[in-house]
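Quick mapping for you: the protein sequence lines, in order, are chains A and B. Numbered by our numbering, the letters in the first sequence go through residues 3 to 156 in order. Numbered by our numbering, the letters in the second sequence go through residues 1049 to 1183 in order.
You may find that some hints are simply not true.
Stated by the list, open to error - Partial selection, computed: residues in chain B whose CB lies under 7 Å from chain A:
| hint | residue |
| --- | --- |
| 1 | 1111 |
| 2 | 1122 |
| 3 | 1154 |
| 4 | 1158 |
| 5 | 1171 |
| 6 | 1173 |
As the list claims (entries may be wrong) - Pairwise CB distance ranges (calculated):
| hint | chain 1 | residue 1 | chain 2 | residue 2 | range |
| --- | --- | --- | --- | --- | --- |
| 7 | B | 1091 | A | 88 | 45 to 55 Å |
| 8 | B | 1152 | A | 4 | 37 to 47 Å |
| 9 | A | 42 | B | 1106 | 19 to 29 Å |
| 10 | A | 10 | B | 1157 | 39 to 49 Å |
| 11 | A | 85 | B | 1089 | 42 to 52 Å |
| 12 | A | 86 | B | 1159 | 28 to 38 Å |
| 13 | A | 17 | B | 1091 | 51 to 61 Å |
| 14 | A | 95 | B | 1096 | 37 to 47 Å |
| 15 | A | 144 | B | 1118 | 13 to 23 Å |
| 16 | B | 1051 | A | 85 | 34 to 44 Å |
| 17 | A | 17 | B | 1051 | 39 to 49 Å |
| 18 | A | 22 | B | 1060 | 42 to 52 Å |
| 19 | B | 1106 | A | 38 | 27 to 37 Å |
| 20 | A | 107 | B | 1144 | 20 to 30 Å |
Hints are computed from structural coordinates only; laboratory data are not their basis. The C-beta atom is built at its ideal place from N, Cα and C for all residues, glycine as well.
Residues per chain, in single letters:
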Amino acid sequence: MAVVGATITNLHAIEKALVDAFEEWAENYVNDIHWERQFDDMTRWGWDGDEETQRKNGEPVGSPRDIYDLGKLYRSGVESFNFSRTNDGAEADWHWDAKNSSNVEYAWYVHEGTKYMQGRPFTDDISLPPSFFLRGPGKALLQQVQSSLNQIRR
Amino acid sequence: MNVIQLRNTINALLSLTPSLLGSYVLPNGTKIPAVYVVGQSSVPKEWKVEGLEAAIRQFPNMDPSAGVGIANVLKQWEVVLIQYRPDGAEMQQAMDRMVRRFPDCSVRFVQGTDISYERCRFIIPDREIRNLIVV
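Chain A on its own, in the form it takes in the complex (with noise of 0.2 Å):
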């Protein structure tokens, strides 16, 4: 006869290894890589057309053009970047409240789109439940929770 078992122990320590990655995740990677790389590069969502425009600024700019700016949509969401542990978990959150000349929070327009410009879902990566592992946030988030539970081994 053989007998085969298993046993799972230092739940605490999985826990917080898995808050912890969440964490690393969240701030070194969502928050430093990810909403630049989204924010400078235009190209995955099309074009607004072939004629240079201008930035506020009144730099020009070719097309697809980023959309920087003065950086307000980009600091506004980049800068409210709040992470706070819960009893059972963790919650990591992002407000992009940059406001337009009309006193009006314009990060949705950018998103969707108005009457005169495409729009431009940054966060459909982060968003999107069916393709979030298959792209480069959910890939960095299994990577970082590989890396996090391979310490507690060690």
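Here the structure of chain A is known, so what remains is to put chain B in place on it, guided by the hints.
For chain B alone, coordinates are given in the frame of chain A:
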């Protein structure tokens, strides 16, 4: 699913009685249903849009993953409904039909403002298992 099948489905879905689809008015006055596949070109500028338009992106986003001897391909189609009539009331019913036809879609609704038409973007996942190509 290919883009023609998706276009036909959207057209049929939004044309059910009561029809929610708006129209393109061509330069000669002819009206056709306002369903457009956006690819290398957009809706011709000389076409006038009335009511609710459905714009379908020609090529889906594709996220592949490898299986054993297969490619597991997640395609995500993008369909945007845009209400060009400020007092139009079709959007809510159109959204209801869309989520009941594509229950696993993601929905992004934006209210109309002075710079933005009322619009709703649907991301529709479509999974396919394809044979690997070996050359």
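Here's how the hints hold up against the structure:
{"no.": "1", "hint": "1111", "verdict": "holds, 4 Å"}
{"no.": "2", "hint": "1122", "verdict": "holds, 6 Å"}
{"no.": "3", "hint": "1154", "verdict": "holds, 6 Å"}
{"no.": "4", "hint": "1158", "verdict": "holds, 5 Å"}
{"no.": "5", "hint": "1171", "verdict": "holds, 6 Å"}
{"no.": "6", "hint": "1173", "verdict": "holds, 4 Å"}
{"no.": "7", "hint": "B:1091 - A:88: 45 to 55 Å", "verdict": "holds, 48 Å"}
{"no.": "8", "hint": "B:1152 - A:4: 37 to 47 Å", "verdict": "holds, 44 Å"}
{"no.": "9", "hint": "A:42 - B:1106: 19 to 29 Å", "verdict": "holds, 25 Å"}
{"no.": "10", "hint": "A:10 - B:1157: 39 to 49 Å", "verdict": "holds, 43 Å"}
{"no.": "11", "hint": "A:85 - B:1089: 42 to 52 Å", "verdict": "holds, 44 Å"}
{"no.": "12", "hint": "A:86 - B:1159: 28 to 38 Å", "verdict": "holds, 30 Å"}
{"no.": "13", "hint": "A:17 - B:1091: 51 to 61 Å", "verdict": "holds, 53 Å"}
{"no.": "14", "hint": "A:95 - B:1096: 37 to 47 Å", "verdict": "holds, 42 Å"}
{"no.": "15", "hint": "A:144 - B:1118: 13 to 23 Å", "verdict": "holds, 21 Å"}
{"no.": "16", "hint": "B:1051 - A:85: 34 to 44 Å", "verdict": "holds, 41 Å"}
{"no.": "17", "hint": "A:17 - B:1051: 39 to 49 Å", "verdict": "holds, 45 Å"}
{"no.": "18", "hint": "A:22 - B:1060: 42 to 52 Å", "verdict": "holds, 51 Å"}
{"no.": "19", "hint": "B:1106 - A:38: 27 to 37 Å", "verdict": "holds, 29 Å"}
{"no.": "20", "hint": "A:107 - B:1144: 20 to 30 Å", "verdict": "holds, 28 Å"}
The earlier numbered hints are all upheld by this structure, with none contradicted.
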